[in-house]
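Participant: Here is what each chain is made of, one letter per residue.
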Amino acid sequence: MSTATTGMSTKRRNGAAAKIETTRKQRQRWLPWAFLAPTILGMGLFTLVPIVASLVLAFFRWDIISAPSFVGFDNFAEVVQDPTVRVSFLNTIMFVVVAVALQLGLALALAIMVQEKLPAWLRVFFRSAFFFPLILSAASVSIFMRYLFNEQFGVVNWLLSFVGIPAVPWLTTPAGSAAVVILVYVWQNFGFSFLLFIGGLASIPTETYEAASIDGATGWRKHLHVTLPLLSPTTLVASVMAIINALQVFDQPYVLTRGGPGDSTRTAVMVIFESAFQRLEFGQASAIGVILTLIIMAITAAQFRLSKRFVFYQ
Amino acid sequence: MTTTSTQRAAVDRLAPQRPAARKKRNWSMAGRIVLLLIASVLILGPVLWTLSTSLRPPAESFQLPPSFLPLNPDFSSYDQVFKQLNIMLLVLNSALVTGLIAVGQMFTAALAGYAFANLKFRGRGALFSIVLATMMVPAQVTIVPVFMLIRGIGLSDTLLALILPAIPTAFGTFLMRQYFLGLPSDLGEAAAIDGASPWRTFRSVYAPLAMPGMAIVGILAFNYHWNEFFRPLILTISEQNFTLPLGLVSLQGNLGTGSISVVLAGVILSMIPALVVFMFGQRALRDGLTAGTGK
Numbered sequence: 001m002s003t004a005t006t007g008m009s010t011k012r013r014n015g016a017a018a019k020i021e022t023t024r025k026q027r028q029r030w031l032p033w034a035f036l037a038p039t040i041l042g043m044g045l046f047t048l049v050p051i052v053a054s055l056v057l058a059f060f061r062w063d064i065i066s067a068p069s070f071v072g073f074d075n076f077a078e079v080v081q082d083p084t085v086r087v088s089f090l091n092t093i094m095f096v097v098v099a100v101a102l103q104l105g106l107a108l109a110l111a112i113m114v115q116e117k118l119p120a121w122l123r124v125f126f127r128s129a130f131f132f133p134l135i136l137s138a139a140s141v142s143i144f145m146r147y148l149f150n151e152q153f154g155v156v157n158w159l160l161s162f163v164g165i166p167a168v169p170w171l172t173t174p175a176g177s178a179a180v181v182i183l184v185y186v187w188q189n190f191g192f193s194f195l196l197f198i199g200g201l202a203s204i205p206t207e208t209y210e211a212a213s214i215d216g217a218t219g220w221r222k223h224l225h226v227t228l229p230l231l232s233p234t235t236l237v238a239s240v241m242a243i244i245n246a247l248q249v250f251d252q253p254y255v256l257t258r259g260g261p262g263d264s265t266r267t268a269v270m271v272i273f274e275s276a277f278q279r280l281e282f283g284q285a286s287a288i289g290v291i292l293t294l295i296i297m298a299i300t301a302a303q304f305r306l307s308k309r310f311v312f313y314q
Numbered sequence: 001m002t003t004t005s006t007q008r009a010a011v012d013r014l015a016p017q018r019p020a021a022r023k024k025r026n027w028s029m030a031g032r033i034v035l036l037l038i039a040s041v042l043i044l045g046p047v048l049w050t051l052s053t054s055l056r057p058p059a060e061s062f063q064l065p066p067s068f069l070p071l072n073p074d075f076s077s078y079d080q081v082f083k084q085l086n087i088m089l090l091v092l093n094s095a096l097v098t099g100l101i102a103v104g105q106m107f108t109a110a111l112a113g114y115a116f117a118n119l120k121f122r123g124r125g126a127l128f129s130i131v132l133a134t135m136m137v138p139a140q141v142t143i144v145p146v147f148m149l150i151r152g153i154g155l156s157d158t159l160l161a162l163i164l165p166a167i168p169t170a171f172g173t174f175l176m177r178q179y180f181l182g183l184p185s186d187l188g189e190a191a192a193i194d195g196a197s198p199w200r201t202f203r204s205v206y207a208p209l210a211m212p213g214m215a216i217v218g219i220l221a222f223n224y225h226w227n228e229f230f231r232p233l234i235l236t237i238s239e240q241n242f243t244l245p246l247g248l249v250s251l252q253g254n255l256g257t258g259s260i261s262v263v264l265a266g267v268i269l270s271m272i273p274a275l276v277v278f279m280f281g282q283r284a285l286r287d288g289l290t291a292g293t294g295k
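Same order as they appear, the protein sequences are chains A and B.
Start counting the first sequence at 1; every next residue gets the next number (full-length UniProt numbering).
Start counting the second sequence at 1; every next residue gets the next number (full-length UniProt numbering).
If you're looking for bench data, these hints aren't it; they were derived computationally from the structure.
Check the hints yourself; a few may be wrong.
[As the list claims (entries may be wrong)] Straight-line distance between alpha carbons at most 25 Å, and here's what the computed SDA-like set of lysine to any residue pairs gives:
hint, chain 1, residue 1, chain 2, residue 2
1, A, Lys308, A, Leu236
2, A, Lys117, B, Asn26
3, A, Lys117, A, Tyr209
4, B, Lys120, B, Val34
5, B, Lys120, A, Arg221
6, A, Lys117, A, Ser232
7, A, Lys117, B, Thr134
8, A, Lys308, A, Met297
9, A, Lys117, A, Glu210
10, B, Lys120, B, Pro138
11, A, Lys117, A, Ala211
12, A, Lys308, B, Asn26
13, A, Lys117, A, Arg221
14, A, Lys117, A, Ala202
15, B, Lys120, A, Ala34
16, B, Lys120, A, Pro38
17, A, Lys117, A, Ile214
18, A, Lys308, B, Gln282
19, A, Lys117, B, Lys120
20, A, Lys308, B, Leu132
21, A, Lys117, B, Glu189
22, A, Lys117, B, Ile163
23, A, Lys308, A, Ala298
24, A, Lys117, B, Leu132
25, A, Lys308, B, Ala291
26, B, Lys120, A, Ser232
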């Protein structure tokens, strides 16, 4: 390849080298923008403009049909007082706390177990198995999980009957539905945190463990005093991503329960969807969206602040 | 590699303990494997149940104890899926949408990633930060203006409405930038000295080398958009524009809890392309998902 390009260049260099130099410089000025154009234009049109529009729209009342009218902070005031919106935000926060704790705990425990001495083929099998649900669609997972959690005929209750637990009304009671949404969500998503922890564990030098075992550390003490502190940067990333994703949960509650029974599994994003596309209250939907974004940004910022105290960097 | 002070501090905190007996170690490994096996059964079990139920006659859908090995497969539910749902159209829609998004993302992300990594221009850092910041804003927040924009340009209820907004990708751009930064820069310098234009340098030198990175972007895009539910739910209205996940949920709605083996047959059919990608692109998918997450 190098001889071909050299051949081409000798021919070129015989021409007016200086002229080529200047045209190239001029070309180089706009060239980066040519490379960036599709991404920048697309993002401007489909992300940045909508972000600004969403912010503006939150101060208007608009149902698409009639002209939008400016209402100041009315949308925010109404949204904050709306009991359904309030419940949905509380549900979302509850969901995030429980789902993220389960997801991270499970992922960390399993990652440590997989990463310690195991036959290679078993390690590959477990890694693939835990990663597998990530490739499925949340909609189809929710569809088959609905049948597994069926009160009378579902496999889950059938299994529970062996340990003497009577049939649980999973999808017909508020607590049961909330539990199912969390379990299904964690089932599908813990593999992502698991992958992050596997990566983090692999980056801890083995000498650290050798030193620890010379000092007599065994079992869980080793993990408490060596693994956890050294894994804290990974834990930070994993928890930030898990929380951001969980705050946006929609597919699972929509397909599993449609937000019910009552409002028990209605989430923040579901309320955005319903107020915009079922009640055509675009201003209110935008206001809810703005509040959700602010919450996400506040939580992320808080996590990075807290992390200064709890995260060790090697 | 030297042990840093943090690590040493972590080690120092350990109370001295007598080493446990060697034998105990084998037992703890066996215990670990048992726990891991239980976890993988809980993960794979539901999927196997779905497969085996889709292969049972509809009358035996709710049979307990459940069977996990389809010994006498009955494909009538699969016939039914094709009769009750225009599944060929759904697959075609999904393939078209997902394929065009994946290819579009690969090209635009490669171009933008290259510019951010290898070309110098004013405002490069600031622009890159803006691109990254867009990842923080949830798609649900911008969906209302996007919906109206799509209506405004006359694309509402078309497949293009799903494709176009998904092509510019912040994460893909970030990934490709990282990839190009990892390639040796003397290649470009050599090409420039040889008189190749920057475009030519990109096309003949860097783009071919960046193929594995582009493959990661493509596979990630495929996995995400093949499974996408929220945007299609809002941006498509008529059934001829539905993608697979929407079609499956509507199939479930039509049937109620009646013939679940038909619904599950549809679910299994929809998994096949994702499964193929999983088998061939597992490594790329994993690297892509965890790319840029610190370490």
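Participant: Compare the structure with each hint and give your call.
Facilitator: Checked hints:
{"no.": "1", "hint": "A/Lys308 / A/Leu236", "result": "10 Å, holds"}
{"no.": "2", "hint": "A/Lys117 / B/Asn26", "result": "10 Å, holds"}
{"no.": "3", "hint": "A/Lys117 / A/Tyr209", "result": "13 Å, holds"}
{"no.": "4", "hint": "B/Lys120 / B/Val34", "result": "55 Å, violated"}
{"no.": "5", "hint": "B/Lys120 / A/Arg221", "result": "51 Å, violated"}
{"no.": "6", "hint": "A/Lys117 / A/Ser232", "result": "22 Å, holds"}
{"no.": "7", "hint": "A/Lys117 / B/Thr134", "result": "41 Å, violated"}
{"no.": "8", "hint": "A/Lys308 / A/Met297", "result": "17 Å, holds"}
{"no.": "9", "hint": "A/Lys117 / A/Glu210", "result": "14 Å, holds"}
{"no.": "10", "hint": "B/Lys120 / B/Pro138", "result": "31 Å, violated"}
{"no.": "11", "hint": "A/Lys117 / A/Ala211", "result": "17 Å, holds"}
{"no.": "12", "hint": "A/Lys308 / B/Asn26", "result": "39 Å, violated"}
{"no.": "13", "hint": "A/Lys117 / A/Arg221", "result": "17 Å, holds"}
{"no.": "14", "hint": "A/Lys117 / A/Ala202", "result": "12 Å, holds"}
{"no.": "15", "hint": "B/Lys120 / A/Ala34", "result": "13 Å, holds"}
{"no.": "16", "hint": "B/Lys120 / A/Pro38", "result": "18 Å, holds"}
{"no.": "17", "hint": "A/Lys117 / A/Ile214", "result": "18 Å, holds"}
{"no.": "18", "hint": "A/Lys308 / B/Gln282", "result": "34 Å, violated"}
{"no.": "19", "hint": "A/Lys117 / B/Lys120", "result": "47 Å, violated"}
{"no.": "20", "hint": "A/Lys308 / B/Leu132", "result": "22 Å, holds"}
{"no.": "21", "hint": "A/Lys117 / B/Glu189", "result": "46 Å, violated"}
{"no.": "22", "hint": "A/Lys117 / B/Ile163", "result": "46 Å, violated"}
{"no.": "23", "hint": "A/Lys308 / A/Ala298", "result": "16 Å, holds"}
{"no.": "24", "hint": "A/Lys117 / B/Leu132", "result": "38 Å, violated"}
{"no.": "25", "hint": "A/Lys308 / B/Ala291", "result": "23 Å, holds"}
{"no.": "26", "hint": "B/Lys120 / A/Ser232", "result": "36 Å, violated"}
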